[in-house]
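From just these sequences and the hints, can you work out the full model?
Letter by letter, the chains look like this.
There are 4 protein chains.
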Amino acid sequence: MLKIGIVGATGYTGEELVKILSRHSGVEVLSLSAIIDKPTKISEVFPSLAGKCDIICKELDIEEVCGLSDLVFLALPHTVSMQFAPKFLKEKKRVIDLSADYRLPAKVYKEWYAKEHMDKAGLDSAVYGLPEVYRKDIKKADLIANPGCYPTSIILAGLPLVKEGVVELDDIIADSKSGVTGAGRKAAIPLIFSEVNENLKAYKIDTHQHKPEISQELSKAAGKGLDVVFTPHLIPMNRGILSTLYFKLKKKMTAKDIAKLYKRQYKNEPFVKISKGLPQIKDVVNTNYCEIGVSVSGNRAIIVSCIDNLLKGAAGQAVQNMNIMCGFKEAEGLIS
Amino acid sequence: MLKIGIVGATGYTGEELVKILSRHSGVEVLSLSAIIDKPTKISEVFPSLAGKCDIICKELDIEEVCGLSDLVFLALPHTVSMQFAPKFLKEKKRVIDLSADYRLPAKVYKEWYAKEHMDKAGLDSAVYGLPEVYRKDIKKADLIANPGCYPTSIILAGLPLVKEGVVELDDIIADSKSGVTGAGRKAAIPLIFSEVNENLKAYKIDTHQHKPEISQELSKAAGKGLDVVFTPHLIPMNRGILSTLYFKLKKKMTAKDIAKLYKRQYKNEPFVKISKGLPQIKDVVNTNYCEIGVSVSGNRAIIVSCIDNLLKGAAGQAVQNMNIMCGFKEAEGLIS
Amino acid sequence: MLKIGIVGATGYTGEELVKILSRHSGVEVLSLSAIIDKPTKISEVFPSLAGKCDIICKELDIEEVCGLSDLVFLALPHTVSMQFAPKFLKEKKRVIDLSADYRLPAKVYKEWYAKEHMDKAGLDSAVYGLPEVYRKDIKKADLIANPGCYPTSIILAGLPLVKEGVVELDDIIADSKSGVTGAGRKAAIPLIFSEVNENLKAYKIDTHQHKPEISQELSKAAGKGLDVVFTPHLIPMNRGILSTLYFKLKKKMTAKDIAKLYKRQYKNEPFVKISKGLPQIKDVVNTNYCEIGVSVSGNRAIIVSCIDNLLKGAAGQAVQNMNIMCGFKEAEGLIS
Amino acid sequence: MLKIGIVGATGYTGEELVKILSRHSGVEVLSLSAIIDKPTKISEVFPSLAGKCDIICKELDIEEVCGLSDLVFLALPHTVSMQFAPKFLKEKKRVIDLSADYRLPAKVYKEWYAKEHMDKAGLDSAVYGLPEVYRKDIKKADLIANPGCYPTSIILAGLPLVKEGVVELDDIIADSKSGVTGAGRKAAIPLIFSEVNENLKAYKIDTHQHKPEISQELSKAAGKGLDVVFTPHLIPMNRGILSTLYFKLKKKMTAKDIAKLYKRQYKNEPFVKISKGLPQIKDVVNTNYCEIGVSVSGNRAIIVSCIDNLLKGAAGQAVQNMNIMCGFKEAEGLIS
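Residue numbers (my numbering), protein chains in the order written: chain R, 436 to 771; chain P, 436 to 771; chain L, 436 to 771; chain D, 436 to 771.
None of these hints come from the bench; they were simulated from the model.
Note that CB positions come from ideal geometry on N, CA and C, so glycine has one too.
Incorrect hints may have been included.
To be verified - In silico lysine-lysine, DSBU-like type, Cα no more than 30 Å apart, as pairs:
id	chain 1	residue 1	chain 2	residue 2
1	L	K621	R	K476
2	L	K639	D	K711
3	R	K473	D	K691
4	R	K711	P	K545
Claimed, not checked - Pairwise CB distance ranges, derived in the manner of DEER restraints:
id	chain 1	residue 1	chain 2	residue 2	range
5	P	A690	D	I491	53 to 59 Å
6	R	A623	D	S460	57 to 63 Å
7	L	A622	P	P625	33 to 39 Å
8	P	R458	L	V515	32 to 38 Å
9	R	K621	D	R458	32 to 38 Å
10	D	A766	R	K555	44 to 50 Å
11	L	D489	P	G762	23 to 29 Å
12	D	R458	R	G762	35 to 41 Å
13	L	A766	P	A690	42 to 48 Å
14	L	A622	D	Q518	53 to 59 Å
15	P	G658	R	K621	47 to 53 Å
16	R	K438	D	I491	41 to 47 Å
As structure tokens, then:
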């Protein structure tokens, strides 16, 4: 059995990691840590874990975690992960980081996260954990930069069109709608129920920290630089991201033509589905699937993708990466 | 006192009409009709109207309504309004129709509503009731085609840019998010709570019946034909529409430059506000305001507008039109 | 025009006070204060107040407030109000306190709010602002202790039965369900959307600080001491309290008999309604009404009451008290 | 492998049955039927089942179902199940009925469901499927009457106190709050989002069809007849029932004393948990647990229980019964 440690176990993604790994046949979770008043059973922090995991969650002690883990998940805020990842790598532990710390070059990182990167070596070795693009590299990786939730929903939705070169690269728009767990489990007035419920807003238009990650990956797929217009919106629901992408087609294509591209691109992917009609959030919530629907209006392709932001957008994809790294069945633990 | 009749009083827009008109100093609501089992006090149909209106709502009797009304609001489904409007006009009643029946030329109407238009004469005389554009004509009108909720939110958000000719007309995208009351008060599985709550979807991409209305009005503002890409989304909240519009700028402009255009265009408008930052639905719910926020990303202008779909998007705008037609203060009854 | 000051204007009840008073024909709001970074238009703090009030909200300066006010509303947390009320009373300002500070005898207050009372004189002179019981005293009062939201919903629902002596006094149960605004506008993890939405819980069973207030007022009505069993629950909605009360009848009574008692008790009350069937929250939200439904099961009376916790449960009732104190029409400003 | 058929597969409980059984190691679902336009993959009816079950759902053909099933789940409306159950029993299939048709004596059934019972023989042989009470009988049963959602939450919460004889039997109150899926997946105006959201109501006070089932089972536990006062409420959330029960204690007991009774009663139960504090819906949603919290106020015990109405309140409990009937591990398939 592969021994697992989770650092940052008391957030929403931590909860999901424990839930998934506790049903995984090839691993055992032996170490849970977080900033916590006193050692507490994780099933008391999250009673929904009853019968699944009773391990005690305690303050982080790197040495202890190393003793109990072959592989460590870091479910930490950005700028924090890069302080711990090197310590685990040094002890020959494989690391899957769910923060943004290893997704961007140091220079870009500093621009968008307002902090000098503290682990350039790690950054050089890190693999961007999007299996649909980097499966080969993930197999051999010791450090995974697990993708952001918005980027996962947008990159998978845009990849086939930019890769095939059938759309204008200077004219890509991503209008995304996210549930509230995307903001994490923290106390802030804009997140309290009576401010979010019966409300709806756009925020950080074209200044959201996920933007460079999106443009970077779609640029790589296109083989040349491109810049996506990205508008995130906050929706009064707990889970899920729906992204609506707008592309300008270079030549006339039907929805059927486009669907064909998508089916070809993803035909061997266990967690990408092309919808017959349009996908809905409730079709993917509590699953690791990204579901994509395609349509055409005049010379525009309109692509809609849905994911569960805590699963394919975070914990689920992290475990998918672990499965690839460690030679497990890729879907192990991910279909409940 | 102006005598008012409301036909279709038991829907959500009917409820709002009664609420607004009951606080209006210059009118008295004397007739309420709807498809209803037996004559019933409207304050029993909608207990929230207690203390505001106790009139009895009964089955439609055109003669009776005419006897009790100088002006009639039709809060009816499309294809139904055009059967009744002519009868009221014939009796010299002024009519404000909240359906889509008088918003489009007969030919376009038939394409999108799959029905031959039954009142071409009315259609010729009808004025599109968007005060920010047609105030002069509204003053003299006998028949008002009250705009749709999506179109109101999109046309007001797009007008200044297309009118000033600073954006490409072949590259306009409107991504709209609507609360559930927009679908009306009808029994259908896709509308039940457990299907809509914790869910989110795009629907009728580029085939929504409000699309021609949007393109028609923005074309008029531009002085030449244009076609908007329109994607509606259903959001788990009761009220409100947030539309996010994407335009390609012909020449470099800052958000400040654009805000200036908007402030100039709407400087005398009592119900359009330009936000300092970005508007939110909760800022406009239960008000007749359209609030607009502007931003720029590269060569794109991104405009966000918020309205209450039942007020500025329906009943509130209808009363604003009545106020203009009848010489009342334009905001009378509309600021509670 | 009566000059009004509001202290604590940036909370939910402050927002509602401004909304109501801005439509009141006999008053003008001249002073708004709160703990706030810099002087800010209240219509920027709450854009929903656009067109209603543009006064600037600033840090509290008691002298300044006194100069601008004949009557002051205190929308402050308990234990804070009692520090300011005496200062306003000393300057001959009438005070309506929305906190719990003047609702209980000093001894009981200390037990339940864990703080020595700091204004015994004020406490002696304060009148409990429940118009349905204390209208006469309210007329002459200088200091009003505005009732809590739970107590208003429970006292009005229980009063007729205990007053008439038809129920056992040692067997009264109040099971209350409240929306989230009842907890105020503060940052705390248990209040964030993703913790409250799709969730439901009972809390502070029989230890909630509103319990003594409820028992005290029903005891007065009964003419002898009684103790209510009170269980509050948190519901995933913004506004409203529904309380379900259970009483044991001393002798057989029908729902009709009981309804008669309630109608007699409240026949002259402008803001209490006896439902034909059972009341719902949506019937009273955004109104100042308390709606009550009565039913019988065997030897038990089951009474259901609904209020808007921010209106009849707070700001609306406070203005109703002001109207009584100052000789305005009791409903002035309260029916929008 | 045990062969399974599900009749009524397109409702919410049908969806949950497929989800649970598809992860069960000892069964294979071979037949799905429902009232459906044309044969359709269940994973198209419920895309959330992708990767779990791809069987085609078709119109009911009893012979075909019998050919493909050893055990049949009936997820049908009451009055419908009793028309089909005998046909499956006749073919020696074991049947688990999720409707109310086999829970009550014919006479009581007729009173509450307004229909003459059509399968008295089945009724005589049926076992009430509450494992915590009837495990022994369930083992040997061919027909299970799976308990209602409200009854499960109330009976489990009340059982220890009435069984131990420590409470007055003429003074039991159950105030229950249910999510909307409890009403099933049907089109009706009172169930549409804009009527339920931001609303809350009590309904069918003491006339709800689950009342006799609750009183019957608690009477059996008490060893003498008792009648529970039962008030259901509709809550704006998808899933979960929280019941708050009020009992009068015969003699003084502390919460600790009571907790001891509950722990003893349920010490070997895999799916009943006694909370340290008070349970919340989010602790049990998507699980088969019933979580119970106990407290005391004066001479009253106040018991709060939480379940997922679609799992422990329906499909989960049905599979728990199947596991007992067929000798599987009782939790098999039920901990995801």
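Hints versus structure:
no.	hint	verdict
1	L:K621 - R:K476	29 Å, holds
2	L:K639 - D:K711	14 Å, holds
3	R:K473 - D:K691	24 Å, holds
4	R:K711 - P:K545	28 Å, holds
5	P:A690 - D:I491: 53 to 59 Å	55 Å, holds
6	R:A623 - D:S460: 57 to 63 Å	44 Å, violated
7	L:A622 - P:P625: 33 to 39 Å	36 Å, holds
8	P:R458 - L:V515: 32 to 38 Å	36 Å, holds
9	R:K621 - D:R458: 32 to 38 Å	33 Å, holds
10	D:A766 - R:K555: 44 to 50 Å	49 Å, holds
11	L:D489 - P:G762: 23 to 29 Å	27 Å, holds
12	D:R458 - R:G762: 35 to 41 Å	23 Å, violated
13	L:A766 - P:A690: 42 to 48 Å	46 Å, holds
14	L:A622 - D:Q518: 53 to 59 Å	56 Å, holds
15	P:G658 - R:K621: 47 to 53 Å	50 Å, holds
16	R:K438 - D:I491: 41 to 47 Å	43 Å, holds
When each numbered hint is compared with the structure, violations occur for hints 6 and 12.
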